[in-house]
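Numbering (the working numbering), first residue to last: 1 to 623.
It cannot be assumed that every hint is accurate.
Cβ-Cβ distance ranges computed for the label pairs, FRET-style [what the hints assert, rightly or not]: (1) 291 - 482: 36 to 44 Å; (2) 33 - 463: 46 to 54 Å; (3) 359 - 563: 29 to 37 Å; (4) 143 - 570: 44 to 52 Å.
Straight line, CA to CA, 20 Å or less: simulated DMTMM-like cross-link-like pairs of lysine to aspartate or glutamate [what the hints assert, rightly or not]: (5) 105 - 91; (6) 145 - 135; (7) 615 - 522; (8) 240 - 20.
Derived by calculation from the structure, the hints in this document are not laboratory data. For every residue, glycine included, the Cβ atom is placed at its ideal position computed from N, Cα and C.
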Amino acid sequence: MATTVETADGRQTKSVTFVDVEHVVIRFAGDSGDGMQLTGSQFTSTTAQVGNDLSTFPDYPSEIRAPSGTLYGVSGFQLHFGSTTIHTPGDKFDTLVAMNPAALKVNLKHVREGGNIFVNTDSFDAKNLKLAKYDENPLENDSLKGYQVYPVPMTTLTVKALEELGLSMREMTRSKNFFALGLLYWFYNRPLDSTMAWIKEKFGKNQKVMQANEKALQAGHNFGEITQIFNVRFNVHAAKLPAGTYRNITGNEATALGMVAAAIKAKLPGFLGSYPITPASEILHELSHLARFNFRTFQAEDEIAGICTALGASFGGALAFTSTSGPGMALKQEALGLALMVELPLVIVNVQRGGPSTGLPTKPEQSDLWQAALGRNGEAPVPVIAANSPAHCFTMVFEAARLALKYMTPVILLTDGYIANGSEPWHLPTEDELPDISIPFAQNPENFQPYARNEFNSRPWAVPGMPGFEHRIGGLEKQHNTGNVSHDPANHQFMVEMRAKKVADIAKDVPEQTVFGPEQADLLVLGWGGTYGPIRAAVERLIGAGKSVAHAQVKYLNPFPRNLEAVMRRYKRILIPENNLGQLAYMIRANYPIEVISYPKVQGLPFTPAEIEAKANDILSSM
């Protein structure tokens with residue numbers, strides 16, 4: 001379809017062809033201070049409202065304001081949206097928005113052949129070219145010959161649009177990200193309404209800033225409408241999603257809401273004791289606004305205090321949580337051992353990041369699996385589960401709470417920076433759709449035994465203030481039933497084995513492992529956590545190409561699902577892609593006499609479907 005646009009002078013016209021496409025991958029990239037995360041999140045919100053399925057990947061340096069113009073200071077936001085099911089932020093970019101030379105250089109290798117590149121030509125000066133290690137201007141040679149390049153003086157045009165507002169040059173140039181956003185809205189036929197409303201709400205108290213961002217957004221859209229450099233626009237129609245109410249949600253937001261939902265369905269007050277740490281801090285931030293649901297948050301002075309306050313809240317009868325990332329998890333291990341010893345319900349959420357030590361604070365990794373499963377002194381087994389995607393974080397933190405309450409044990413939930421900061425549409429459940437996970441407190445004070453066991457090997461939960469249920473807790477070994485301090489060798493053996501059996505028996509209470517694809521095949525791609533999307537997308541492509549491949553994503557990591565070995569034995573080869581050096585592969589080999597092919601990646605980047613597809617094809621071709 002073509003449209004004709006007449007400019008304000010009434011003389012110039014242009015013909016623009018609308019092209020329908022099923023899905024698009026966009027990458028917004030610039031300096032840390034260019035507002036690329038904001039630009040990407042606003043494009044995402046609008047796209048969700050339009051009805052597309054989507055997946056996002058915010059990618060930014062650990063410095064709050066990395067050196068301007070440098071290669072390591074590039075901040076990016078990647079969005080994959082479509083009219084079909086979207087599993088990942090995508091492989092190659094269909095469109096790159098590069099606000100400076102460094103953004104172009106870092107991201108050019110990921111742009112597909114013939115892809116669109118929007119560049120802010122104002123930033124391609126000698127200084128920025130040198131910082132990006134360009135010997136010559138790529139806009140003036142043949143290095144971009146294989147792409148559709150749109151050179152736009154975004155800074156100049158933004159300043160021109162705002163010059164009547166009486167702002168400083170710095171204030172005007174800060175709005176250039178909204179100019180870029182408006183232009184991309186035009187290019188992909190997105191409405192401005194949602195972002196205009198957001199600008200009013202966000203900046204309403206500062207009229208000049210509000211007007212500047214509104215004008216810049218509209219100016220970018222108008223530029224696309226009247227300039228002569230574009231002859232094509234794109235339509236991505238709404239996805240056919242199941243009926244219901246949806247919202248775009250990040251993994252950390254979903255985790256916070258899942259905690260609140262679990263507390264409501266447990267009929268208990270909720271409590272989060274935590275200390276801010278990237279990339280988990282947003283869980284604390286989100287929950288701090290939800291006190292109306294009888295949920296309390298406490299920002300502790302450090303990680304140790306965070307988990308200790310949560311354990312104290314659990315002793316007092318609350319459904320307690322603590323959140324952290326790898327370095328904080330290391331500090332929490334002693335108190336986690338205490339929670340295991342006293343047998344109180346507690347959920348620990350580890351939003352994994354690159355390590356070791358401080359490592360890569362803003363980059364995703366899956367390298368804390370061993371830490372979660374094996375990271376405490378003594379024989380200290382803890383249930384470990386993992387979320388697959390941003391929306392799935394809601395489901396799995398709710399499940400972690402269910403297990404913690406039913407089995408009176410701490411439970412570790414593993415997410416990671418990739419799914420915690422990424423987003424996708426979430427189908428909101430109703431309260432009636434969520435199960436009741438409440439358990440009764442201790443009922444009979446006569447001859448109360450604090451460490452007597454029920455059919456799940458769980459002890460009774462008695463909280464302070466319940467007459468007749470007074471008892472001792474602490475880190476020393478307990479005598480069976482009475483809970484008194486015991487140094488008896490036989491009792492220690494019994495209690496160690498009992499605590500281990502309680503965790504092992506959880507395998508009977510969780511779903512069996514499911515498989516996407518054929519029940520028997522040449523290759524099973526086995527994953528856990530945030531590898532779900534890339535694996536699923538790759539396996540769908542492989543099956544579509546007639547390959548004998550299936551996919552299984554393990555959500556329960558300790559204990560494993562009771563049928564996992566039987567599932568694996570139905571396949572000739574097993575490939576395990578992980579954002580670590582092969583931790584799940586090691587645990588599979590340790591538990592089952594089955595050989596697996598480990599495919600590690602520790603680059604601070606998630607897998608792409610193309611990488612997994614290529615690896616699978618290599619294995620299949622060698623069989």
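Hints, verified against the model:
Under the hint 36 to 44 Å, the C-beta atoms of residue 291 and residue 482, about 39 Å apart, fit the expected range. Against the hinted window of 46 to 54 Å, the Cβ-Cβ separation of residue 33 and residue 463 comes to about 50 Å, which satisfies the hint. Here the CB-CB span from residue 359 to residue 563 is close to 36 Å, well matched to the stated 29 to 37 Å. Separation of residue 143 from residue 570 is about 50 Å and conforms to the stated range, judged on CB atoms against 44 to 52 Å.
At roughly 17 Å between alpha-carbon atoms, residue 105 and residue 91 fall within 20 Å of each other, so this suggested pair holds. The suggested pairing of residue 145 with residue 135 holds, with an alpha-carbon distance near 17 Å, which does not exceed 20 Å. With a C-alpha separation of about 14 Å, the suggested pair residue 615 and residue 522 falls inside the 20 Å cut-off, and the hint holds. Of the supplied pair hints, the one linking residue 240 and residue 20 holds, its CA atoms being roughly 16 Å apart against a limit of 20 Å.
Going down the numbered hints, you'll see the structure goes against none, and every one checks out.
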